[in-house]
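Go ahead and model the full structure; you've got the sequences and the hints to work with.
Going line by line, the protein sequences match chains B and F.
Those letters in the first sequence? Residues 1 to 111, per the working numbering, in order.
Those letters in the second sequence? Residues 1 to 115, per the working numbering, in order.
It should be emphasised that the hints constitute simulated quantities derived from the structure, not laboratory data.
We treat Cβ as the ideally placed atom computed from N, Cα and C, and that holds for glycine.
Mixed in with the good hints there might be a few duds.
To be verified - Ranges between beta-carbon positions, derived for each pair:
no., chain 1, residue 1, chain 2, residue 2, range
1, F, Tyr10, B, Ser79, 33 to 39 Å
2, B, Asp55, F, Lys14, 28 to 34 Å
3, F, Pro61, B, Leu46, 23 to 29 Å
4, F, Glu103, B, Gly29, 17 to 23 Å
5, B, Thr5, F, Ala53, 18 to 24 Å
6, F, Gln17, B, Gly41, 26 to 32 Å
7, F, Thr115, B, Val82, 23 to 29 Å
8, F, Gln41, B, Asn59, 22 to 28 Å
9, F, Glu85, B, Pro10, 38 to 44 Å
To be verified - Only pairs whose alpha carbons sit at most 27 Å apart, straight line, appear in this in silico DSS-like list of lysine-lysine:
no., chain 1, residue 1, chain 2, residue 2
10, B, Lys98, F, Lys57
11, B, Lys98, F, Lys78
12, B, Lys49, F, Lys14
13, F, Lys57, F, Lys14
14, F, Lys11, B, Lys98
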Amino acid sequence: GDSVTQMEGPVTLSEEAFLTINCTYTATGYPSLFWYVQYPGEGLQLLLKATKADDKGSNKGFEATYRKETTSFHLEKGSVQVSDSAVYFCALTVHDYKLSFGAGTTVTVRA
Amino acid sequence: GAGVSQSPRYKVAKRGQDVALRCDPISGHVSLFWYQQALGQGPEFLTYFQNEAQLDKSGLPSDRFFAERPEGSVSTLKIQRTQQEDSAVYLCASSPGGFGMNEQYFGPGTRLTVT
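Next comes the structure, spelled out in structure tokens:
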């Protein structure tokens, strides 16, 4: 079945450090790929998405590129802030409605 | 504007009790989704409605789980004879269109604890 594997956490960083969260997927068709973020005390929010190979999604300084050859969609940010502390979920859909999520990666950024 | 709301936010049930979880989607949103999130895991799809039609219920874990959206807006997820393994956060999401990759907007979830 369709599934997502993402880097286990927790990840702890200092402010202005570089962040990478690895995400790989298995899918029967041609999935669309997403990163969702859950800030403390809040609901899941879409961070960015890519719908076809080689697309790059970007938002709030975060980027991820859809790599079909490596079945990956790694999330990166060049300089994190304390406000980026959250749980990050990689997700995919093949059916255009049903999302399959990874287990989530908890990121803590220290001042 | 108003987002997706869910009630109650927290529910404690004794094993064997029935529970009903409510979701109020964003007004006018056609699609509505229920997900189950166990502790330390990502959300798992339960069911999908397009207006009042339940188009996919493949993720419902057993026949104790039942969802409805009778007028195409508010939805209720009902769990009968709750078991300890039902303890999880139940997330509702809505999106403006039907099929096609509209963004899903998530509610804050209902945390169900079965004792």
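Hints versus structure:
1. At roughly 37 Å, the beta carbons of Tyr10/F and Ser79/B sit within the given window of 33 to 39 Å.
2. The hinted window of 28 to 34 Å between Asp55/B and Lys14/F is violated, with their beta carbons roughly 49 Å apart.
3. Taken as a hint, the range 23 to 29 Å holds for the pair Pro61/F and Leu46/B, whose Cβ atoms sit roughly 26 Å apart.
4. The supplied range of 17 to 23 Å is met by Glu103/F and Gly29/B, whose beta-carbon atoms lie about 20 Å from each other.
5. At roughly 33 Å, the beta carbons of Thr5/B and Ala53/F sit outside the given window of 18 to 24 Å.
6. The hinted range of 26 to 32 Å is satisfied by Gln17/F and Gly41/B, whose Cβ atoms lie roughly 28 Å apart.
7. Distance hint check: the CB atoms of Thr115/F and Val82/B are about 37 Å apart, inconsistent with the given range 23 to 29 Å.
8. Checked against the given bound of 22 to 28 Å, the beta carbons of Gln41/F and Asn59/B, roughly 24 Å apart, stay inside it.
9. The beta-carbon spacing between Glu85/F and Pro10/B, approximately 26 Å, falls outside the hinted interval of 38 to 44 Å.
10. In summary, the hint linking Lys98/B to Lys57/F is supported, as the alpha carbons are separated by about 11 Å, within the 27 Å threshold.
11. As the CA atoms of Lys98/B and Lys78/F are separated by approximately 20 Å, the hinted pair is consistent with the 27 Å bound.
12. The straight-line distance between the Cα atoms of Lys49/B and Lys14/F is roughly 40 Å, outside the 27 Å bound, and the hint therefore fails.
13. Simply put, Lys57/F and Lys14/F have alpha-carbon atoms about 26 Å apart, close enough for the 27 Å limit, and the pair holds.
14. Distance hint between Lys11/F and Lys98/B is fulfilled; the C-alpha atoms sit about 26 Å from each other, no more than 27 Å.
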